[in-house]
Amino acid sequence: MDRRTFLTSPAFAAAATFSSAAMAGIADAAAAAARPGPIDFRTNLPARGSFPDKWICGSPSSMDNKDPPVHVHWYNAHTAILRQNKAYSYEAPFAPLYFGNDRVLLLDEGFVQLRNDWDLRGVVDGCIDDWCRRNNRDPASLELVVAFSHLHADHFAATNQFADRPNTRYMGLTHEEMLGFWGMTNFPEQRVSLDLGGREILIWGSPGHVISEFAYYDSYTQILFTGDMFYRGRCYISFWQPWFDSMRRLIDFCDTHPVTHVMGCHVEISKDGQDYAYGMTYQPDEAPVEMTVQQLREAFAYAKTITKPGIYFTGTVFLCNQTRGTTTIDQYPYRYG
Amino acid sequence: MPDKATYSPVLSGNSMSVTGSAYPNGNPDLPYNLPGVRNTDSVVPLHRSTPVIHDYKCDGPAPGRFVMRWTYGSNVAAKNRDPRIQVVQYNEDTFVLRQNVCVHWEAPFTYLLFGNSGALLIDSGATAEARYYPLRETVDAVITRWAQARGRRKVPLTIALTSGEDVAQNQGLVQFAGRPDTVIVPRPLEVMKRFYGLGGSWPSGRGSIDLGDRVIEVIPTPGTHRDGVSFYDPYCDLLFTGDLIFPGKINIGNDKDFVASLERIKAFIADHPVKWMFGGHIEMMFVPGRYYPRFASYKPYERLLEMDPALIDELLVYARAVQGKDTMLIRPDFVLLNGVSPDQRTSDWPSDVPNIIPPRPF
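Chains as they are written, first to last, in my numbering: chain L, 1 to 337; chain V, 338 to 699.
Source of the hints: derived by calculation from the structure; they are not laboratory data.
Errors might be hidden in some of the hints.
To be verified - Pair by pair, the computed Cβ-Cβ distance ranges are: (1) L/Lys304 - V/Ala514: 27 to 33 Å; (2) L/Asn186 - V/Pro630: 37 to 43 Å; (3) L/Asp255 - V/Val511: 55 to 61 Å.
Said to hold, decoys possible - Calculated lysine-lysine pairs in the DSS-like style (CA-CA distance at most 27 Å, straight line): (4) V/Lys612 - V/Lys394; (5) V/Lys662 - V/Lys603; (6) L/Lys308 - V/Lys662; (7) V/Lys612 - V/Lys491; (8) V/Lys603 - V/Lys593; (9) L/Lys66 - V/Lys416; (10) V/Lys394 - V/Lys603; (11) L/Lys271 - L/Lys304; (12) V/Lys593 - L/Lys54.
Where a beta carbon is used, it is the ideal one built from N, C-alpha and C, also for glycine.
Produce the entire structure from the sequences given, and follow the hints as far as they go.
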């Protein structure tokens, strides 16, 4: 039995012995008295949505940046995507926020820790309030699940902002706690499902960039969130074979499941393939964050030809095979003979 | 300074003074009246009727020092509220301007020197837009105040760059276009050579810029940039070395020129009193051999700007060591990058440098 149902009351916990379909029915029935009928996340899939034409992408002078700390984009009525401002952190990660009838899932918490520096919790609460207003719900009835794609600080820095938030669960900062959070016992192959209340998120292991990384698939929008192991920029592959196996797992998944978009955590490349070097705070001509399954397949096909460490461009992403410590793409521009 | 019986710096109880000065409360073993007093001219008497002719002659370096720390950006660059340009008076006739790290990560230093017949601005910053980096406005204001104190109507300004091609130092130039009484040292290299009178003697010759009783020497120092020059101020005994020598990651453009220029600087130092060398940037931390990465907008643990002239010996040794090799080499006060990416990293830690992990602000 999986532990990802996150039922909080003893009565619901008893329901955990039923099938997940029956369980969802009971949860819905119990809630029906207090709120409107549940939103249907299971038919007319994939749910349509759109990405913005342009994300906030920093500015020539960071101290003159007037963009909000977080760019909130509603992909559709039940899905928000957050992006951290480059003038708050050069890492500027993207973070999906998925809404279900019972709970909300936040994936990634940016690279600035303190709430007085950037109020991520306030932004997330604002999104939840908006959604609840639109759907006639009580924000207090929704549980917030704060998780992250992988165990790097630019993806969990603001987690502690949620420490005193009621009705909230968040992931621990060790490999063991991360696996335990999703109830995994057989990482990375095991695929578990998280029920947000009629909206199912599939989660499995995706090591390679780091050991502790997950892939997340939202069955409603059918977006495959690949974290830092595959994103539009420099995929720093720390461990080649685990990464290659994780890529194969993604490809196998795409062979058996419909996927609308593949989405990573960062963008570090321009529309015409120019590399934005590590640490840059202004990316005026950024490529889109979303990629196609075809781009993923091409990258995997390219990866099959790679036999040694180095930097390889697949046409979509840079595969930096075990190079992080010693090599980058830039050259000193003033070299002369 | 000698440790005399009348006063022990060790026992002063003030080793934590901002500057780490051995004599935070003054050195009682020095005379009260030192000759450098005559190099002070801005204040008394107040309203002069004729221009002050300043005395730029002095025994040893003119008095002057930094008693502060540089602005160093902030964790969240968008929230930085430091001045866009930090203006620091080194002495009455010498100013140092630093660009805010959160306006541009290169955070270059710009130097403004005054003489009896004009002023010299060395370098011009990394940002062209005046609304982000109001260099012209700031320089004009400093010159105006100085001119008032010295009873002058006009102060002709010369603007020279340690490298005309370096976008971390030439961007502010556009703000001075059309400024009256201003000479901008022309670019590119061939025109610049002629301006300094070095057409036939580059890089072995020397040029000069006369500010009026303060003649700045121009030393050709290609190596990091094809058109690199260094400036020597005989009044403060300061050497302004731009990108050639600075406490940071020195990207070598041509290793043969680099070594030759360092040899030229070494010979110059042997012939001239040099108190400190000032570079164009700081990238090192105060922990030996550690540096900030490119694009960092928060550098709370920067090394000091001042470099001891003796550092030239160490630089030369290791510049020769990397000559002809594509490599990166770490030393306590600088890092040499020859033929490799500006982001190059190395796992070779020098055995004679203490390996201290610096604090992380995060």
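*Kindly indicate which numbered hints from before are broken by the structure, ordering the numbers from low to high.*
Violated hints (numbers, rising): 1, 7 and 12; every other hint is consistent with the structure.
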